[in-house]
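Taken in sequence, the protein lines are chains Y and V. For any residue, its number in my numbering is found by taking its place in the first sequence, counting from 1, and adding 109. For any residue, its number in my numbering is found by taking its place in the second sequence, counting from 1, and adding 189.
No lab work stands behind these hints: they were computed from the structure. Glycine is no exception: its CB is placed at the ideal position from the N, C-alpha and C atoms. Be aware that a few hints might be false.
[Claimed, not checked] Here are the computed lysine to any residue pairs in the SDA-like style, where the Cα-Cα straight-line distance is at most 20 Å:
(1) 200/V - 258/Y
(2) 376/V - 347/V
(3) 190/Y - 234/V
(4) 200/V - 267/Y
(5) 358/V - 257/V
(6) 203/V - 185/Y
(7) 130/Y - 142/Y
[Said to hold, decoys possible] Some chain Y residues flagged as far from chain V (calculated, every beta-carbon gap over 12 Å):
(8) 124
(9) 132
(10) 141
(11) 172
(12) 204
(13) 232
(14) 238
(15) 239
(16) 275
(17) 296
(18) 298
(19) 335
(20) 373
(21) 387
(22) 394
(23) 395
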Amino acid sequence: MSGKRIGAEAVAVKGRLRANKWLLVRRFSQFAILTLFLLGPLAGIWIIKGNLNYSHTLAFLPLTDPYVALQAAMTGHFPEKPGWIGLAIVVVFYLLVGGRAYCSWVCPVNLVTDAAGWLRDRFGIKGSVHLSRNTRYWILAMTLIGSAATGVVLWELVNPVSMLHRGLIFGLGAAWTVVVAVFLFDLFVMSRGWCGRLCPVGAFYSLLGRWSPVRVSAPRRSACNDCMDCFEACPEPQVIRPALKGEEKGVGPVILAANCTNCGRCIDVCSKDVFSFALRFNNPASTVGAD
Amino acid sequence: MLGLGLGLYAKQAKALPALALRPPGALAEEDFLGACIRCGMCVRDCPYDILELARPETPVATGTPYFTARNIPCEMCEDIPCVKACPTGALDHELTDINKARMGIAVLIDHETCLNFLGLRCDVCYRICPVINQAITLEMVPNQRTGRHAMFLPTVHSEHCTGCGKCEKSCVLEEAAIRVLPPRLAKGQLGKHYRVGWEEQKKAGHSLIEDRNIIDLPDRLPEGTSLPGHYDPASGQSAPARGLVGAEGGIIQGTPPGPGGKP
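Just chain Y, same shape as in the assembly (with noise of 0.2 Å):
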């Protein structure tokens, strides 16, 4: 961005590590998360068997991951007891934290796009071939009908997120070569091309969390300079907008689109400390003089 980094303005105004905090509270949830599967395998210590996929924690907690789930049933495929309480677990917890968290803060994939997003604006590229960003709801239909129709839990023949993670704990075989295709895909062919576009479990996770209470919000909107780092940073610039701009006309600051990760990149980002976490119901139509 015209020479001017992401962030370099709210890092002068906030510090370096306020300017990062919720980049780095992210990182270290994707980490601890990775960590703990490896802990087994790598070195015997057994506190979570399994993938994302369906997981036992400390032998009583189940997590059932309800995407996959959602197909195996579309091939009439139901889960035992305990794959049952795993799945309530998860989509209880993901209708109130807001399904694309799952994005943000455990996938592994996320570290590859990030990845890819940073050096294409450390590096410039600019150029990207432009897809809607709701083709990720055409294949998501596609898995759910095509599982229907093959008898297989389809999208785990080829899911770049179960094959990274699970390749991690389990043995990675080719499916680094997966893994590389997204993160070239990113780089130079799409900007937030996988996550933002196509993967199908980022497509179901916003709809879990449609109606999620935890939100970033912009209860200080008013204060904001236009400096566009929020936009910049955002792996889902198009929800921000509503809530940021939307004083004139009588939208709540809350950021109520399905897609946004709850990452918290665009309260890291500001200067103005415009951004903030917030609950949904906190959200008057008028923000100005509201601190």
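Once you have looked at the hints, place chain V on chain Y.
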């Protein structure tokens, strides 16, 4: 386009390679690929680390559990921890007796190299079998080559074979002569309308063809020969009339060549 490609890939994924075996209690392949959520819990709870999850380059549906008997066979744990670990019905939780598992069926696939078929007493597959003397029996037949020895042929009985793969693993040959195959490859199937006479007889409690005026046609034999003890009403010969002294020239040699006979 993507959907079509995935559909074709899914169809291909259903073709499980012959030597990849599913864990105990696994549903039939077409159901298994819908029920299995690729979590690897069975892999983790297998105390012998037999199972692995298929990688993308493996010709098994990615992420699904399998084992290769020749590398490491199933130890047939009595408590079946892999099945207990499965969060779905992909491994049938109704399976509580490991002897009822049907991971595959052993087939003595090469009669030309199996040592017992060569007349030796290897018997390793028979001895190692966890369902010894039921899943594999040794059937004694005359050794036609030597003319004076017996061969003990390992014979698999599918109603008892669990497909654990111990026989394949322990086969002493460079390449196993006995292999565990998926049932669909290992088993033939009788025509639906076929009835096996002796079983029908057992069911009915009596012969089904007696008292039915079965027409008996004359038996055709080379001229001058007779079969001792053979009853052949249609030829008009009474049993005692045959096999009398003087008719021995035509008696068919029924015993194998003895010592000194051509091998």
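Practice item. Identify every previously stated hint that the structure contradicts and give their numbers, smallest first. Key: Numbers 11, 16, in rising order.
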